[in-house]
Amino acid sequence: MSEFTIGILGVVALVTMVFLGVRVFIAAAAVGLVGMVAMIGWSAGAGMVGTIPHSKSVSYTLSVLPMFILIGFLAFHAGLTEKLFDAATKWIGWLPGGLAVATVMAATGFAAVSGASTATAAVFSRVAVPDMLKAGYDKRLAAGVVAAGGTLATLIPPSAILVIYAIIVEESVGMLLVAGFLPGIVSALVYCGLIVVMAKLNPKLGRPIRGYTWTQRWKSVPGTVPIIAVVLIIFSAMYFGWATPTEAGALGAFVVFALALLHGMRWHGLRESLLESAKLTVMIFSIIWGVLIFVRFLGYAGLPEAFAKWVVSLDVPPIVIMICILLFYVVLGMFMDAIGMLLLTLPVVYPAVIALGYDPIWFGIVVVKMAEICLITPPIGLNCFVVNGVRPDIPLTTVFRGIMPFFIADVITVGLFLAFPQIILWVPQLMRAG
Amino acid sequence: MQSNTPSDDAGADAPTLSALDRRLGTVETGFNLVAALAIFVLMLIGVWQVLGRTLFNAPVRGYIDFVELSISTFAFLGIAYCQRLGGHVRMEMVLKPMRGRLLWSTEIFGTVVALAVIAVLIWYGWGHFLRAYQLGDSTIDAELPVWPSKLAVPVAFALLWLRLLVQLAGYVRLALDPRRRPVAVTTVLTPEELAAHEIEESLGAAERGRRR
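Taken in sequence, the protein lines are chains Z and D.
Sequential numbering of the first sequence, starting at 1, is according to our numbering.
Sequential numbering of the second sequence, starting at 1, is according to our numbering.
Since the hints were derived computationally from the structure, they do not count as laboratory data.
Be aware that one or more of the hints could be misleading.
What the hints assert, rightly or not - Pairs of lysine to aspartate or glutamate residues, derived as EDC-like cross-links and limited to a Cα-Cα distance of at most 20 Å, are as follows: (1) Z:K56 with D:D137; (2) Z:K309 with Z:D359; (3) Z:K56 with D:E200; (4) Z:K134 with Z:E170.
What the hints assert, rightly or not - Some chain D residues judged to face chain Z by a derived CB distance under 10 Å, without partners named: (5) A38; (6) I45; (7) V117; (8) V120; (9) V153; (10) E192; (11) L203.
Please read these numbers as outputs of a predicted model, since none were measured by experiment.
Cβ coordinates follow ideal geometry from the N, Cα and C atoms, glycine included.
Given these sequences and hints, build the entire structure.
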């Protein structure tokens, strides 16, 4: 059997096992192990595979992950959401659909201390939905905007998934994180624009909230300062390089930690946050080394190059292939966690995308945005279930109906990224030049 | 985050298995707590490093070495804890419609694969540690010994192996008689249950943290 054939069999075996519900890290490691043994023998193959978990995990770059994850879990204890929503309402509530726009802006701010989409949707269902319903807002709009607002968390750093992408494709972590800010903000602005237009056309959806004085507005600002501090720490550290991602993450976590203490977090809350952070961290590391075992095998089998060559030889414009790849992710993302999905597919898809001439940073941002869209689309659309879980009085069908406009907005956003790659590449290019 | 262990009150059905499950669970939580503390320490040292370097021109000696070695704690020690709580990513689309013996047999298949792979990784991970220990490998900068970090891999994987064994027993028990109540296994959750889980993690934790 040629190595290429073994490679193909390996991919088939992996897909089968993943479908049968084998944990992704186990399925990837199992196929990698058997494949390596088949190609270079038991002692060389298993011996090499056996060192991968340690040697691939123990790398300074990866140490940023637990820091970013910790920021996210501590942020729930810091009482930031209420303050952000309050400030956003006072400053931009006068717009048509003002409270919904304020929800998007507050979620954008909260994204700067959170990388978890579903969790962000949960906290905003608690904070923003009651105010919107009290002000007579349409239920669908209120539910849709919190479910969609949650998805902003993964693009705007700290974002674990961008770090993972960077590590798998061997790009600069700092560069990807810096690149995430602007597309995240663009996504938020597209949401806001959509809400304003909808509320303008149909004022019953949500009325403007007016009557705040300038004093009240300015008084709401200090509550948002910690968020601004974390954004500045992470962005400036990455952009100017005065601290590594791990150091910036540590500093950011410490700011949020101090804030949570001030807000009344006690030992129990800290213990809970740390245990959850450790659980999520080990989940991510397991899947990283598992997939890297599989990648070693794929590399030996020469599959990624073969696939890239085949894709480039296709007689269709690159943009068509790119759209096919993106649609493939939409379908896959309906059934699988974003991190698992990206790690499993990138080793094969990424070389092909690069061979087509796309920028690695650009593709990273677009792929993460795609993974986010899956969180609001049926049949799973976990964010919608989360909103319904926090607010059982809003039926699931209402949430899904409410999310439709935001889904369209996301398609528009991805279209913008495709048409104007500069939205993503501008800041990283400035950084490269500087 | 796809599934979790069903309620503990099922213990009456299989006393030995659920006792083993609980006992192993205590060790797993202990291991995960060590990993959690390592993350906390990593944060504190990171702050110390940045402030020391930028304000006092006095960086922590061997910071990068220390970070790299500490990764072993949080990259591996919690792996069995995460397995017990069903935290490792998997796809449940095909499992979802399955019921009874078919479902439990499929779970047995996955668990046996895991047991085999982890056994190989324990064996060669141990060899990896032994070489570092016998040669006295140390890091470049601070000259910290490397072996404790390599030892974490076979130790954590051994605990995972035991957890998988308990889960295998749980699945076999159910495959033999699907009418039994699940004990010491993870089950497939509906999106509603999954969402409840996520909500508990973000909202519930914060509220309980403040009350106590």
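Consistency of the hints with the structure:
Of the supplied pair hints, the one linking Z:K56 and D:D137 holds, its CA atoms being roughly 17 Å apart against a limit of 20 Å. For a cut-off of 20 Å, the pair hint linking Z:K309 to Z:D359 stands: about 17 Å separates their Cα positions. The hinted pair formed by Z:K56 and D:E200 fails the criterion: a straight-line CA distance of about 33 Å is larger than 20 Å. Proposed proximity of Z:K134 and Z:E170 is contradicted: the alpha carbons are some 49 Å apart, above 20 Å.
A distance limit of 10 Å between C-beta atoms decides the matter here; for D:A38 the minimum to chain Z is near 8 Å, and the interface restraint holds. This hint holds: D:I45 has a C-beta 7 Å from the nearest C-beta of chain Z, less than the 10 Å allowed. A least Cβ separation of about 5 Å between D:V117 and chain Z falls short of the 10 Å threshold, and the interface hint therefore holds. With a least beta-carbon distance of about 6 Å to chain Z, the hint placing D:V120 at the interface is held under the 10 Å criterion.
This hint holds: D:V153 has a C-beta 5 Å from the nearest C-beta of chain Z, less than the 10 Å allowed. This hint holds: D:E192 has a C-beta 6 Å from the nearest C-beta of chain Z, less than the 10 Å allowed. Of the supplied interface hints, the one on D:L203 holds, with its beta-carbon coming within about 6 Å of a beta-carbon of chain Z, less than 10 Å.
The structure fails to meet hints 3 and 4 from the earlier list, while all remaining hints are met.
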